[in-house]
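Single-letter residue listing:
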Amino acid sequence: MLTKTKSLKMKPLSSKSGGNGPRFNIDSTTLSLSLLLVLVIVGFSIAMPGRFFTDSTFMSVAFQLPELGLLTLAMFIPILSGGLNLCIIATSNLTSLLMAWVFLTWLPPQASLALQAVWLTVALVGAMILAIAIGMLTGALVAYVGAHPILVTLATMTMVNGIGIYLSRGAAISGMPDIVRYIGSDTLLGIPVPLIIFLATAVLIAVFLERTRLGKYIYMSGSNINATHFSGVNTHRVLIAIYVLSSMLCVIAGLVMMARFNSLAIILGGTDPFGGFGRVTGVVLSLIVLQVISTGLNLLNVSPHFSLAMWGAVLIVVLALKFFRQRFMQKRASRISAAKARAALP
Amino acid sequence: MLNLNRLRPASNEGYLAWVLVVVIVTFSLLSDQFLTLQNLLDLSESYAVSGIFALGLFVVLVTGGIDISFAAVASVVQYAIATLAIHYGLTSPTGTILLAIAIGAVFGMINAILIYCLRIVSIIVTISMQSLLFGMLMWLTNGTSLYDLPEWLVTPLQVLPFNVGTQHYQIGLPLMVMLAVAGLTWLLLNKTHLGRQLFAVGGDQESARRIGIRVGVLHLFAYGYLGAMAAIGGLVQVYRVGEVVPNALVGGELDVLAAAVLGGASLNGGKGSVGGTLMGVFLIGLLKNGLNLIGVSNYFMNIVIGVVIVVAITVTHYKKRKETDVGFA
Chain A
1 MLTKTKSLKM KPLSSKSGGN GPRFNIDSTT LSLSLLLVLV IVGFSIAMPG RFFTDSTFMS
61 VAFQLPELGL LTLAMFIPIL SGGLNLCIIA TSNLTSLLMA WVFLTWLPPQ ASLALQAVWL
121 TVALVGAMIL AIAIGMLTGA LVAYVGAHPI LVTLATMTMV NGIGIYLSRG AAISGMPDIV
181 RYIGSDTLLG IPVPLIIFLA TAVLIAVFLE RTRLGKYIYM SGSNINATHF SGVNTHRVLI
241 AIYVLSSMLC VIAGLVMMAR FNSLAIILGG TDPFGGFGRV TGVVLSLIVL QVISTGLNLL
301 NVSPHFSLAM WGAVLIVVLA LKFFRQRFMQ KRASRISAAK ARAALP
Chain B
347 MLNLNRLRPA SNEGYLAWVL VVVIVTFSLL SDQFLTLQNL LDLSESYAVS GIFALGLFVV
407 LVTGGIDISF AAVASVVQYA IATLAIHYGL TSPTGTILLA IAIGAVFGMI NAILIYCLRI
467 VSIIVTISMQ SLLFGMLMWL TNGTSLYDLP EWLVTPLQVL PFNVGTQHYQ IGLPLMVMLA
527 VAGLTWLLLN KTHLGRQLFA VGGDQESARR IGIRVGVLHL FAYGYLGAMA AIGGLVQVYR
587 VGEVVPNALV GGELDVLAAA VLGGASLNGG KGSVGGTLMG VFLIGLLKNG LNLIGVSNYF
647 MNIVIGVVIV VAITVTHYKK RKETDVGFA
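Just so you know, the sequences run in chain order A and B.
So the first sequence is numbered by the numbering used here: it starts at 1 and just counts up by one.
So the second sequence is numbered by the numbering used here: it starts at 347 and just counts up by one.
Watch out, some of these pointers could steer you wrong.
[Claimed, not checked] Residues of chain A clear of chain B, computed beta-carbon distances all greater than 10 Å: (1) 32; (2) 37; (3) 54; (4) 113; (5) 116; (6) 130; (7) 182; (8) 232; (9) 248; (10) 299; (11) 300; (12) 306; (13) 308; (14) 315; (15) 338; (16) 342.
[To be verified] Listed next, with one range per pair, are the computed distances between beta-carbon atoms: (17) A:106 - B:500: 43 to 49 Å; (18) B:526 - A:54: 57 to 63 Å; (19) B:597 - A:133: 53 to 59 Å; (20) A:334 - B:534: 20 to 26 Å.
[Said to hold, decoys possible] The calculated SDA-like cross-link candidates involving lysine to any residue, where the alpha carbons are at most 25 Å apart (straight line), are: (21) B:634 - A:229; (22) B:617 - B:536; (23) B:634 - A:331; (24) A:331 - B:617; (25) A:322 - A:163.
No wet-lab data here; the hints were simulated from the structure.
All figures in this text were calculated on a predicted structure; none of them were measured in a lab.
The beta carbon of each residue, even a glycine, is placed where N, CA and C say it ideally should be.
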């Protein structure tokens, strides 16, 4: 999961990139994640004086983050609804395959940048249509057949993966036009283009979830789908929308990367896996934490398997801390209210 | 007395049985190699390990939990046992098997403790545990395989040999172990007090707690049982292939999970049966084997398997959906 090749670019970067959600009131998850981030950065800086706290480290994080981040967002929405989408990697592979096919068949080799942009739009639209089809199939199976999302998406994953392998015969496709390479590796105003795409998507999703009716319905379905249904929401349509949206995010992810994912990042970000809670801010922050950890360990020349083990350990420790903190707060709250009750007695 | 009504499926398992029958008949008509004793025996031997894992996982699913870490546990147990045997002179077969089961059960119980005491959702804990165990295993062993295994573990045994005509067949140890595990799990879930309590916890944990069931102990038991099954499955895998490859098993967890859920186990707990779980495992096995025999290319196989799973899900869930209109199970 961590065997990515690092792309170190020597360019300046403003290293503050977290907390881009629309909610600026800080909740406890955001606070503790920021603390963890500072802790990790300080720890690595002490462990590797002069080597870790550099522009190149943060540039590397900034280039690797979007790969994981977009897929995490694609996973985040189904998890909000109490489901899961195992099909995201397969979907982004298949849609990027379609985009590659469009470029290789239709785009003349010496096309101008404008023409390339036109074909990029065409390819994106085609990939989106494919993604919507996949999402609708998944959502319909979840909504109308009533099978558990894990089972449904496992089946669609097998199918979509199969189609991808069948069409490409397992071979890699190369020879992308310049504009695709530009998206993957260039910077705009010193910020990597993938990061801009990721942050823009994250903000859009955050606004969508917090400020639109459908977004609220998604949270509601995650909390209690039966109650949502009986309060007059067409939950079947909401479920289909969830998986369509998730698949469409996969297209963007497929455009930015074909790297591997680790959906663990979502849970660290305060998303309750029972559904119904969680904010995009938390997800983005936790992604940054995990990416900084893996980059730091990479710089320390630790085996990627050890980083994998560290991710597991970090996750368990964070969850344990969260539990003990919650219990402490509860005890304190009950103590305070007991004291108040005693004080109120005549 | 022939009663045609009995053929109408009443449950998830009933529908699944019909899907299985359709698959078997189709492949028997398309390929004359499919419905031979040798092919079916080979098939069941190669899916025996998945079956053992699925049965263990089923017990956890019954309690309403989920465990993704069993493949990593099995790999760790395999490696630990092999290392002890090669470098520290562990020779006694009984001791080795008991030790393996104990190690597996301990890992399972660690999961249970984290899940129950910290109130963390099981899928998260076990995914973390899987990363932790597998990462540590690969890091400490550098991914090297072990071949120099003790004789008693890797020597092929003749188990229940029999002759049909002049052909010589044998049931084989993996299948026997799987059947034994299936019998044990069936007895446990259907004929013991403990089994009913497991179903009760899966049905509604809070209600179970209030009628005096010790939910924590049951969690310990269920995850420990899966850990033990993971260890047994790991040993059977070593027996089959004669080597210990640290990354051979990890990655197949979701297939086992899919098989168990396909067989009627609900991810919300409290549902399913041993027979259904085995049917789920062998549906996938029969499909892969049959498609291979009728000459479907490997590239195309996944598409067909995906479609069949979708059809199977639809068939087995559709009736239930008509009863309750919302939610998923």
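Checked hints:
1. 32: The claim holds: residue 32 of chain A sits with its nearest Cβ about 16 Å from chain B, beyond 10 Å.
2. 37: holds (19 Å)
3. 54: Check passes; 26 Å lies beyond 10 Å.
4. 113: holds (36 Å)
5. 116: holds (31 Å)
6. 130: For residue 130 of chain A, whose nearest Cβ neighbour in chain B is about 15 Å away, the distance exceeds 10 Å, so it holds.
7. 182: holds (33 Å)
8. 232: Residue 232 of chain A is indeed farther than 10 Å from all Cβ atoms of chain B, at 12 Å.
9. 248: Consistent with the label, residue 248 of chain A stays out of reach of chain B, its closest Cβ about 21 Å off (over 10 Å).
10. 299: The claim holds: residue 299 of chain A sits with its nearest Cβ about 17 Å from chain B, beyond 10 Å.
11. 300: holds (13 Å)
12. 306: Not fine: 4 Å to the nearest Cβ puts residue 306 of chain A too close to chain B.
13. 308: Nearest chain B Cβ is 3 Å from residue 308 of chain A, so the label is violated.
14. 315: The claim breaks: residue 315 of chain A does not keep its Cβ more than 10 Å from every Cβ of chain B (closest is about 4 Å).
15. 338: Check passes; 23 Å lies beyond 10 Å.
16. 342: Since the minimum Cβ distance to chain B is about 30 Å, residue 342 of chain A lies beyond 10 Å and the statement holds.
17. A:106 - B:500: 43 to 49 Å: violated (56 Å)
18. B:526 - A:54: 57 to 63 Å: Check passed, 60 Å falls within 57 to 63 Å.
19. B:597 - A:133: 53 to 59 Å: violated (28 Å)
20. A:334 - B:534: 20 to 26 Å: violated (40 Å)
21. B:634 - A:229: Answer violated: residue 634 of chain B to residue 229 of chain A is near 39 Å, above 25 Å.
22. B:617 - B:536: Distance ~12 Å between residue 617 of chain B and residue 536 of chain B Cα, so the pair holds.
23. B:634 - A:331: violated (55 Å)
24. A:331 - B:617: Violated: residue 331 of chain A and residue 617 of chain B sit about 36 Å apart, past 25 Å.
25. A:322 - A:163: violated (42 Å)
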